[in-house]
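Protein chains in written order, with UniProt numbering: chain A, 1 to 758; chain B, 1 to 288.
By construction, these hints were calculated from the structure, which means they are not laboratory data. Accuracy of the hints is not assured; some may be wrong.
[Stated by the list, open to error] Listed below are several chain B residues computed to face chain A (Cβ distance under 10 Å; list not exhaustive):
hint, residue
1, G156
2, L160
3, S174
4, V176
5, A190
6, N203
7, P266
8, E267
9, Q273
10, A281
11, S284
[Unchecked claim] When the alpha-carbon atoms are kept at most 30 Å apart in a straight line, the in silico DSBU-like pairs for lysine-lysine are as follows:
hint, chain 1, residue 1, chain 2, residue 2
12, B, K201, A, K230
13, A, K684, A, K671
14, A, K124, B, K157
Quantities reported herein were computed from a predicted structural model and do not represent experimental measurements. Note that CB positions come from ideal geometry on N, CA and C, so glycine has one too.
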Amino acid sequence: MTQILDQLEAARKLALSDGANYPNIIPGVLPIVGANSNANIEVRRWGADFLAEAFASPTWPPEVKESRALGVPESLKEYLEVVQDRAVIKSAILTAATIYPLIYRHTIADPNDSHTWQLMHAIKLNILQRMDAAPSGVRICCVKFLQQVVLTQTPGMVDPRRPDPNDTSLAILPRNHALLPYGNLEAEGHGLLDRMLDIIHGDHSDALLVTAVLNTLGILIQRRPIAANKILQSVLNFNPLKLANSPMTPKNRVIMKSLERTTRALLVNILKRNPENPHNGRIQQYLERMHRMRLDVFDESSRKRPAPAEPTDGLDAAKRQRLRANVPPAPTTVPVSAPPPATTLPPGPVTHRQLFTLTPDAGAAGFDVQAFTDPEQLVNLTVRLLQSVDESQLGKAINVVRSRYLNLTTTASGAPAASAPPPAPQPVVDDEEDYEPDFEPEDAEQVANSLDSLPPTDTLEPPSTSLAPYKLPEAPPLTEQEVRQYGEVSVRNAFGMLGSIDEKDKGKPTKVGFNRLAGSDYGRDSWITILSRLATRTSAGLDDPDEGVKDEFAVKNIKGNFSISDAVRDGLYTYIMYDWRKRIDIAISWLTEEWYNDNLLRHSAKIATKAGSLNGNTPSGIPATKGNYERCALRLIDGMLPFVEHTDKSLLRFISELPKLDHDILARLIKMSEDPERIDLSCKVLQYLHMFRPPVRSLVSDILLELWKVNHRARPSAGKLLKHYRPDVTLEDTNGASAGDGGEVKVEHTNGVIQQAS
Amino acid sequence: MSADPRLRSRAAAQQQQPTTVPPPPPPPPSESPYPAGLDGTSDVPAAKPAVDPRSSLRFCTVCASNQNRSMEAHLQLALANLPTISFGTGSLVRLPGPSITQPNVYHFNSTTYRQIHQELSQQNAQLYTANGLLNMLGRNLNIKGYPERFQDWVPGKSRLNDHKDDQGAAGTESGVVDVVITCEERCFDAVLEDLHNKGGKLNRPVHVFNVDIRDNHEEALVGGKAILDLALSLNEVAAREREIHGDNGWDRGSGSARDGFDERVPEILATWQGRWPNLPALWSLAWL
Numbered sequence: 001m002t003q004i005l006d007q008l009e010a011a012r013k014l015a016l017s018d019g020a021n022y023p024n025i026i027p028g029v030l031p032i033v034g035a036n037s038n039a040n041i042e043v044r045r046w047g048a049d050f051l052a053e054a055f056a057s058p059t060w061p062p063e064v065k066e067s068r069a070l071g072v073p074e075s076l077k078e079y080l081e082v083v084q085d086r087a088v089i090k091s092a093i094l095t096a097a098t099i100y101p102l103i104y105r106h107t108i109a110d111p112n113d114s115h116t117w118q119l120m121h122a123i124k125l126n127i128l129q130r131m132d133a134a135p136s137g138v139r140i141c142c143v144k145f146l147q148q149v150v151l152t153q154t155p156g157m158v159d160p161r162r163p164d165p166n167d168t169s170l171a172i173l174p175r176n177h178a179l180l181p182y183g184n185l186e187a188e189g190h191g192l193l194d195r196m197l198d199i200i201h202g203d204h205s206d207a208l209l210v211t212a213v214l215n216t217l218g219i220l221i222q223r224r225p226i227a228a229n230k231i232l233q234s235v236l237n238f239n240p241l242k243l244a245n246s247p248m249t250p251k252n253r254v255i256m257k258s259l260e261r262t263t264r265a266l267l268v269n270i271l272k273r274n275p276e277n278p279h280n281g282r283i284q285q286y287l288e289r290m291h292r293m294r295l296d297v298f299d300e301s302s303r304k305r306p307a308p309a310e311p312t313d314g315l316d317a318a319k320r321q322r323l324r325a326n327v328p329p330a331p332t333t334v335p336v337s338a339p340p341p342a343t344t345l346p347p348g349p350v351t352h353r354q355l356f357t358l359t360p361d362a363g364a365a366g367f368d369v370q371a372f373t374d375p376e377q378l379v380n381l382t383v384r385l386l387q388s389v390d391e392s393q394l395g396k397a398i399n400v401v402r403s404r405y406l407n408l409t410t411t412a413s414g415a416p417a418a419s420a421p422p423p424a425p426q427p428v429v430d431d432e433e434d435y436e437p438d439f440e441p442e443d444a445e446q447v448a449n450s451l452d453s454l455p456p457t458d459t460l461e462p463p464s465t466s467l468a469p470y471k472l473p474e475a476p477p478l479t480e481q482e483v484r485q486y487g488e489v490s491v492r493n494a495f496g497m498l499g500s501i502d503e504k505d506k507g508k509p510t511k512v513g514f515n516r517l518a519g520s521d522y523g524r525d526s527w528i529t530i531l532s533r534l535a536t537r538t539s540a541g542l543d544d545p546d547e548g549v550k551d552e553f554a555v556k557n558i559k560g561n562f563s564i565s566d567a568v569r570d571g572l573y574t575y576i577m578y579d580w581r582k583r584i585d586i587a588i589s590w591l592t593e594e595w596y597n598d599n600l601l602r603h604s605a606k607i608a609t610k611a612g613s614l615n616g617n618t619p620s621g622i623p624a625t626k627g628n629y630e631r632c633a634l635r636l637i638d639g640m641l642p643f644v645e646h647t648d649k650s651l652l653r654f655i656s657e658l659p660k661l662d663h664d665i666l667a668r669l670i671k672m673s674e675d676p677e678r679i680d681l682s683c684k685v686l687q688y689l690h691m692f693r694p695p696v697r698s699l700v701s702d703i704l705l706e707l708w709k710v711n712h713r714a715r716p717s718a719g720k721l722l723k724h725y726r727p728d729v730t731l732e733d734t735n736g737a738s739a740g741d742g743g744e745v746k747v748e749h750t751n752g753v754i755q756q757a758s
Numbered sequence: 001m002s003a004d005p006r007l008r009s010r011a012a013a014q015q016q017q018p019t020t021v022p023p024p025p026p027p028p029p030s031e032s033p034y035p036a037g038l039d040g041t042s043d044v045p046a047a048k049p050a051v052d053p054r055s056s057l058r059f060c061t062v063c064a065s066n067q068n069r070s071m072e073a074h075l076q077l078a079l080a081n082l083p084t085i086s087f088g089t090g091s092l093v094r095l096p097g098p099s100i101t102q103p104n105v106y107h108f109n110s111t112t113y114r115q116i117h118q119e120l121s122q123q124n125a126q127l128y129t130a131n132g133l134l135n136m137l138g139r140n141l142n143i144k145g146y147p148e149r150f151q152d153w154v155p156g157k158s159r160l161n162d163h164k165d166d167q168g169a170a171g172t173e174s175g176v177v178d179v180v181i182t183c184e185e186r187c188f189d190a191v192l193e194d195l196h197n198k199g200g201k202l203n204r205p206v207h208v209f210n211v212d213i214r215d216n217h218e219e220a221l222v223g224g225k226a227i228l229d230l231a232l233s234l235n236e237v238a239a240r241e242r243e244i245h246g247d248n249g250w251d252r253g254s255g256s257a258r259d260g261f262d263e264r265v266p267e268i269l270a271t272w273q274g275r276w277p278n279l280p281a282l283w284s285l286a287w288l
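All chains should be built: construct the whole structure from the sequences, respecting the hints.
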């Protein structure tokens, strides 16, 4: 047999060295390996492989292949129907895929040769039958065969004036062919295409089949524009990450990634091949969506970390005990539904523990009270439990124990009394193992006893085996100066960090989902939030209420240990002023925090005052607390004003977004108007406020009025606004040229009396 | 591998007096079948199972320039007697030059490794010895003649005449492969895409894998071992499938019992990935 194989291999080498030898070699080989040869399995494998290789080879022309292919279907039919070897069958199917178009061409040219076409038809039926039931390794070969049939039996030809001689398609079939009915073949082609497309929407755990189909679609789209639409629709509805919902085994991971990648390669190939394709927009969208989905599915960094792998069973005794200890209510509720079963004691001598144990639950019975290393905790727990003990349950339980005890004493009357000590007066602590919350103390007196006897906790010693905890020697206490110094350094570090994040953050899209918290992503915004809260909240309420309000906007001279807030405030102020136009948002969020904190403090102060007045001891400073908001806001505005230009819309934004406006703040605008260039800006700000912040309307018009009075250059613009806002005020510009207070303002009351409003 | 720009003047100075530094001759063909690896260790494989190239799967390794990663893998597979060919998917062969903006560029399929070796050793022997390029080229010219481009490959075209002296040539005469292993996702995409362009005319299934390997000598060595591991695992399963034949119920079983080679590939890859978690893998069944 090896001799035959060697000869065959030599023939193959000959053909490989020159493709022109194939036409001579194939007829010589077929009788040895093909139908009716009764060759053994190795030879048949070789034969099937060789046929697949020979007809696929690009080294000899298709016309010659067509004539040589005629002898092959018979052998293929035998391979498929008789030989039960997977390798042979696979190769046979693949050969069939290669020769199908050849036989089709031959049949068109020679309508009288019905025999060959019938053989081919039988082969086709055989392959289609395998399509559903065969192992996937065979099915992928069937898919390839289907692809060739579809390619052959759909009309090709993009341009009928330039037929491609190598393209075997429905276009070369005459409508009135005797053997090949055009309509039937066309319908079959479409049907088989649907069958292929169904596969990619089916079970994805069989990635072999799905990627095999996806990788056959490229050439179909390329060569069969008539089917391209349908295929593309189907692919665009394909979800390569369908397995994302099934367990993420290593295999599924690989499969999903591979499916996604394969789909991408197919679509990118379509995009590149035909840049004018009307579907390209949709393909792009699909690719982007897939990309995002893949990130979602595979990107662990955005996920929560999984639950830590802890031993859930018995491995870590300490942990288990603690878990139990944290579930005190359970015993109080369980017995309500399940009365204590009067379990009988096992025959023979019994221990105290068995005598008192009523619960059938081995876990509860085996519970070791010594897990409570802290007697305080145990006492607390016991008292709570006693309060919730059901009286009838308790009575039943006592009866059960009593009857057990009586039984014992009667049966073991001969035994020494010491072996059965009276159970009732036993204090609980002496019987720690029997700790059973429901049935533990028998009456109030014993509760008292047990509580009395608890404090001597010698019995509750922690296990002596544990190592003593190692303690670092205590550091020497810091001096006040050092504290302040280190505090400042850390504040400076925090701002330094902010600066470096600024650099990094540029252009980086922020990913905000449901998980967003104020300070969760360590970006610029979260640091700002953290810092402004540090400034406002940390030491809030710790100030000495009697200290009073210091010099208004100065920060420097506030003494004391709470300068950390002010150090942070200083830092924020400098940070904002460094580039205030771009950092308006930071200023707003900081000031909002300040304002909110002030409100909180005021609220709690109010409550405290109420309580305090009840005690007849009204703290002096609290109602007067001025808060930090105003101080900081004014400081910021004063800092900005010198730099504001007359076109700066950022000032408008800043003022309008301030959480609270008052006279002091707006009065800064009057100050700004002293610069004639910026009068318009301040009027614009005021107008904006009037329009969009109704609560401050009256304040705005007051300010306008003031402006009108003190600044004659501002009169035209201010007057225009005032005319609308305060129609009740008559503005008399006695002398436009006179400086200062030349104008007069009169307020008309409804009754017509004119008052001097100065 | 990038050259230090501060050394450029030194490099130029050396170029001006080429006579002082004669280009070292290409290393002689290694006498041992297992030459020392790039890291100095000897790569003698530990008792490999005997592989018969005639019945083995046929492999193809692919990287960008068919120089470093694919050639390292090519060598390791060939040394294990696996039929192997190798390609690059780039438009040109790109090798690091004296600076990052001056790469050395060559054409695929025409410039031989020997020519490149000569040219570089004349250009600046010291630099290219230091960054390992000459060593790499010396290895490559013992493996095959010239870098080949995947996109220019005609599957099914006999390699009997042009490539019979390449290492790992035994078994690849017919110019088809069963497994393609790429070394970078970009190459994986390029291969899948190019196979669409080639149109699958051979009607032959081919398993395309990607094993992500960074492009430096050390990683290429590790990656080559990983690829060899993958190839041997695949080949073992494929060989087992060939043994099961005849009428012993190959398609009567159910479930995994009747799974052949093709079906088990995702599983093999997943297991392999467990062994090599740092080399992320992809896979697809494509058509030649």
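Hints and how they fare:
no.	hint	result
1	G156	5 Å, holds
2	L160	5 Å, holds
3	S174	6 Å, holds
4	V176	7 Å, holds
5	A190	9 Å, holds
6	N203	4 Å, holds
7	P266	5 Å, holds
8	E267	6 Å, holds
9	Q273	6 Å, holds
10	A281	6 Å, holds
11	S284	4 Å, holds
12	B:K201 - A:K230	23 Å, holds
13	A:K684 - A:K671	15 Å, holds
14	A:K124 - B:K157	28 Å, holds
Comparing the model with each numbered hint stated earlier shows that all of them hold.
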